[in-house]
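Colleague: Protein chains in written order, with the numbering used here: chain U, 1 to 245; chain G, 246 to 490; chain W, 491 to 735; chain L, 736 to 980; chain H, 981 to 1225; chain Y, 1226 to 1470.
Simulated from the structure, these hints should not be mistaken for lab results.
Note that the structure is predicted; figures quoted are calculated from it, not measured.
Hints may be right or wrong, so weigh each one.
Unchecked claim - Some chain Y residues close to chain G (C-beta under 10 Å, calculated; not the full set):
{"no.": "1", "residue": "Ala1351"}
{"no.": "2", "residue": "Ser1354"}
{"no.": "3", "residue": "Leu1355"}
The beta carbon of each residue, even a glycine, is placed where N, CA and C say it ideally should be.
There are 6 protein chains.
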Amino acid sequence: MLLHLASWPEVEAYLERSTGVVVPIGSTEQHGPNGLLGTDALCPEIIAREAGEEADFLVAPTFNVGMAQHHMAFPGSITLRPSTMIAALQDWIASLARAGFTRIYFLNGHGGNVATLQAGFSESYAAWSLRGEACPYRLKAVNWWDLPGVQAVCRELFPVGDGAHATASEVSVTYYGYPQAVKTADMSPKIAPTGSFADAADYRARFPDGRIGSDPAQASPEKGARIVAAAKAALIGEVRKFFGA
Amino acid sequence: MLLHLASWPEVEAYLERSTGVVVPIGSTEQHGPNGLLGTDALCPEIIAREAGEEADFLVAPTFNVGMAQHHMAFPGSITLRPSTMIAALQDWIASLARAGFTRIYFLNGHGGNVATLQAGFSESYAAWSLRGEACPYRLKAVNWWDLPGVQAVCRELFPVGDGAHATASEVSVTYYGYPQAVKTADMSPKIAPTGSFADAADYRARFPDGRIGSDPAQASPEKGARIVAAAKAALIGEVRKFFGA
Amino acid sequence: MLLHLASWPEVEAYLERSTGVVVPIGSTEQHGPNGLLGTDALCPEIIAREAGEEADFLVAPTFNVGMAQHHMAFPGSITLRPSTMIAALQDWIASLARAGFTRIYFLNGHGGNVATLQAGFSESYAAWSLRGEACPYRLKAVNWWDLPGVQAVCRELFPVGDGAHATASEVSVTYYGYPQAVKTADMSPKIAPTGSFADAADYRARFPDGRIGSDPAQASPEKGARIVAAAKAALIGEVRKFFGA
Amino acid sequence: MLLHLASWPEVEAYLERSTGVVVPIGSTEQHGPNGLLGTDALCPEIIAREAGEEADFLVAPTFNVGMAQHHMAFPGSITLRPSTMIAALQDWIASLARAGFTRIYFLNGHGGNVATLQAGFSESYAAWSLRGEACPYRLKAVNWWDLPGVQAVCRELFPVGDGAHATASEVSVTYYGYPQAVKTADMSPKIAPTGSFADAADYRARFPDGRIGSDPAQASPEKGARIVAAAKAALIGEVRKFFGA
Amino acid sequence: MLLHLASWPEVEAYLERSTGVVVPIGSTEQHGPNGLLGTDALCPEIIAREAGEEADFLVAPTFNVGMAQHHMAFPGSITLRPSTMIAALQDWIASLARAGFTRIYFLNGHGGNVATLQAGFSESYAAWSLRGEACPYRLKAVNWWDLPGVQAVCRELFPVGDGAHATASEVSVTYYGYPQAVKTADMSPKIAPTGSFADAADYRARFPDGRIGSDPAQASPEKGARIVAAAKAALIGEVRKFFGA
Amino acid sequence: MLLHLASWPEVEAYLERSTGVVVPIGSTEQHGPNGLLGTDALCPEIIAREAGEEADFLVAPTFNVGMAQHHMAFPGSITLRPSTMIAALQDWIASLARAGFTRIYFLNGHGGNVATLQAGFSESYAAWSLRGEACPYRLKAVNWWDLPGVQAVCRELFPVGDGAHATASEVSVTYYGYPQAVKTADMSPKIAPTGSFADAADYRARFPDGRIGSDPAQASPEKGARIVAAAKAALIGEVRKFFGA
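This is chain U alone, in the form it adopts within the complex (with noise of 0.2 Å):
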């Protein structure tokens, strides 16, 4: 269930059966020649709504703008500073248990994300620890490319080239969810250059068509829908633990 195509009155009955709620969470940024702005956002939305479609769990908006001060030298990319991705964070938490909700499980999209999606979880548990009262509710993050299962499949889908940004996979798993924006680019060198980067001015010197390690020209909707699958199996199964937990 969705909860953004949902009436509260189906959520109301929705938390008699469960509290708990998946947040795609992912981020628009650059994604190399021929991959989506919207790339980190759309493959948890993907991969969560085929699951909670499948489970019958609950699938809140996506929330589609991130961390990626790195990405800011090439356009399209939007960012947020951490220290609104953690004021943000907060609102969406307090929101949710104030309806209800006991385990929120965000799966992530996109790297850059996790530190502060951390800090964003420490941030909201501390108002309860410093108080001395027992916080009501659970958060956890995932990245999706780290459920079971998945990575073994990105291998053997891609032995070669699947990088570290703008991978193979991920423009796969965009690709078989909007087959309608394929994109074909001359890219050169054909795996792009890997290592790490600081500022958005270092990144783009760094990595001049802003994919890292990757050659997501092989990236294809079919390949897309066999990670989905792998991912949508191992996600049913890590949320059912979670909520049960």
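Go by the hints and put chains G, W, L, H and Y onto chain U.
Modeller: Just chains G, W, L, H and Y now, kept in the frame of chain U:
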């Protein structure tokens, strides 16, 4: 063109022909017994996407959680505090301005956002005004129902009971966009009460099923199609004026 | 009764008979060649004080610096950023609520405050709404020129050139309150241009002497007296309704 | 010259002959059984206005609500949290600096403001210090009772029972400025207890009627006139030195 | 007992016999040609540790970076903005209060911290005062050189040239604590100039080698020992009074 | 060279030969029955100081209170909220960058800091990325136990029961640094339970004596010496690489 389905080189190319972008902005909040929690985000998203496709302008991802404190007594509602929303708007605006956008048009779907959105614009301008530098971008927010000609269509379709929240019009727009989510619900009284409100407890006491002044049982996908057609045409005209200003 | 000229036992006694208070709120910003920088604070202050004296309600000190970023290119203007103004409003409201006030009526003198003021109210309510507790107080903001009957007087006095900023009406109100501060100035054109604006540089470029749409040379203390009389009577009625609600 | 009764061209002309401005800053808080809630804002306002008129310097509107957390157990008191007050000071200072003021002199009427005011100055300077740029303006805060010669007059007028809060001196100054607000009240003991305090509950427990160490029944408009005369003369000297520095 | 060298069961046991704690608080900032950058943190740390050992009270870790914006033109200086320092103080205080501490005594080593520290205390109290609840803890800040009897020793040791920053006294205290860090440097003039300052650029222009009014070439470990002995004895007395209050 | 024991001219001279600095960063939080509350701050401090002395690099004062919300149910623990810690990091980084440091290496001693530290780095970079300027400095954070070769030593010393919190390794490091603080305590079970946690109440319920997975009764100063030796050597290599990058 949808920003999140575009690549960064596509946005770079777009910026050669236009430095304007449309941002749908809404809310995730109860919309009565048969309305979708995502109504206020979905309406501007639907309209902006159709208009953007027809008129080749860029549509950003939807700012999908807004200022909905008064709906917090209904499960499924999510709010940002105004201070958080202002911070998030600063980051969206700064990111888009960084890329070279000089005209940012927010198509708004939620009356409760209006004040905070304007405050956010002023916060953004204030940084330039206090430094004594000229701000290179212009910000504009328009509610989709205030686009020229839209109210006339709504009044014609719903001469009675369009209402002020969970309106027959907005529910129709979402039913047009998501026919699979059409819902039926007994609603009594047929037309909801009207009035003002303060916090969430006050709101729920005055409007027990969430509607204000509306009879959204009249909503249908077909009526939504007519509203969207009118809004799309109007938006194209407005946006062209704004981007050219 | 003016709060700042009262003692705390007098306020304690007042709270026995009423838990309502009126807060004049304005701005310190340019008001054209012959208007006072304090116009927007002085107008609601003058009206509220006269009304409070006649009808025995409590008038708080004036919130005298508001959201005036767009006037920063004219010396003497002082602004709060919206985020600061929202924070300050939280503290004023919390302080008054702490003392037992349950109805706080802001009589506003500045159009530029409206959005931030409403955002500030929502910020205050949101704390209660997210905690799931009922807020014990009600907040209301009304522009003095929107009080019932006031516009009619202004239109009668200034059928042409009342304008939108540095209006003949508001300048008259301050001249009535501070006849020693009546000023004359050559203004050309006689009626200032109209239009919208963004940041301070944009404002000054469009409205070189600060006025928008007005011919404030028509202002006089006598005309101000008529406006104040109308506003005072209206305010008393409005406040009684609100305090009794 | 009072800024709020001046026009912007008058301030522009003033800036040709001086880039200094005096800002009265006070508090709205209980001042015992016969003292005005506005005492701490009114005292510097009265002194600054008389001095500004005599010596032709510019006096800004009064920053009339300050840091008064310890008075919150007495109705009518309004406080800013220190963090809010620091934010507001940044905006006042930035606005005045933007207009070209380089010397901003805060005439303070509330001991409880001193720390936060200094912290606010440091916050303002820190922005320049961390950027490695020279700050173009200088900030100064002086309590009116610390102006040269003022304490001598107060001690002469009130050899016993001037006190530390709701002092006979400050009540006299307000009675001089607002003779219509002179109040009488039984106060027991005649001279209030002395000591320190923490939060509002602690303050009220130690000082049940709000006074600290004072016998303000001795206050009179005539005595206030003498204090104001001394303070005015001293302020003029101090301001000239500071503006010329 | 040093908190950071204790285990939590040891602190739990301590809380059975006392709910008071001493927090050394200082700054990391230039202290002239022969003074240590850590002087202001080390002095209260040295004194508090010796006193805590002798009198069995708990000493928290040192708050070692404070408000030093004016020293930023000298390398090695680190500052918190006042707003940051206030936020950090809230967290330290809340944490200690959460554990059951009711008397928190800050032994301060930096004049530039005083205002922000007091503002931080007020911020902490204000939360209780605005809620109308009694705050369960008391906060106190004392500069080590203001402890009873300390100034007399310093004046005796340094009848000339103790100064106001990079004082002979404070440098002596650090030389006593860290004899391996004794430094010699040519300083001209022998006694540094005195005066006030604004931002960092202003400070460096007025005090080119960082000292204010001091001749710290007189400093020695032996003199430091005498100062520490006096301060330790005084601190024990003061802390016993405060913890027992 | 320890920054806090250096003078500013010594730092100025250092900057001629290197623009890199190491900042030990830790936490003040319970470390089980025999571990020190300061463990996480002391470990990186001990290692950095020894390495800095040997290899002549500058070591800043220790950031000694970190993100420890989950330990707040154990007395003596002190936490910063993540938002506060991010603000404090901005100020430390800005101060060091202002002085000319271009490589800032945080040697971290607390797993709970990692996310907030990374978020703080991104906050710092984001300011540059959004302005479109290249950031002149680079930030790096490494946990001391992740330095090359350190884990091998720990595993050799503690093949069983090193654990995840209050580890035998970290307790050993502090015992090496502070042999006077070696403690003994009965701990049951010998090896603490393992698992994850949310807020402080949850943590204490799962890990009643504070340890996670560890048997720190094995700790000794001698074992600590071996770990420190390995970490010191590794740190010198890492820092040289980073400073030279």
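Colleague: Min Cβ distance, Y:Leu1355 to chain G: is it shorter than 10 Å?
Modeller: With a minimum Cβ separation of about 5 Å from chain G (threshold 10 Å), the hint on Y:Leu1355 holds.
Colleague: Does Y:Ala1351 hold up as a contact with chain G if the rule is Cβ-Cβ below 10 Å?
Modeller: At about 9 Å, which falls below the 10 Å cut-off, the nearest Cβ of chain G leaves the hint on Y:Ala1351 intact, so it holds.
Colleague: Please check whether Y:Ser1354 passes as an interface residue: C-beta within 10 Å of a C-beta belonging to chain G.
Modeller: With a closest approach of 8 Å, the Y:Ser1354 hint holds.
Violation of the numbered hints given earlier is absent; every hint is satisfied by the structure.
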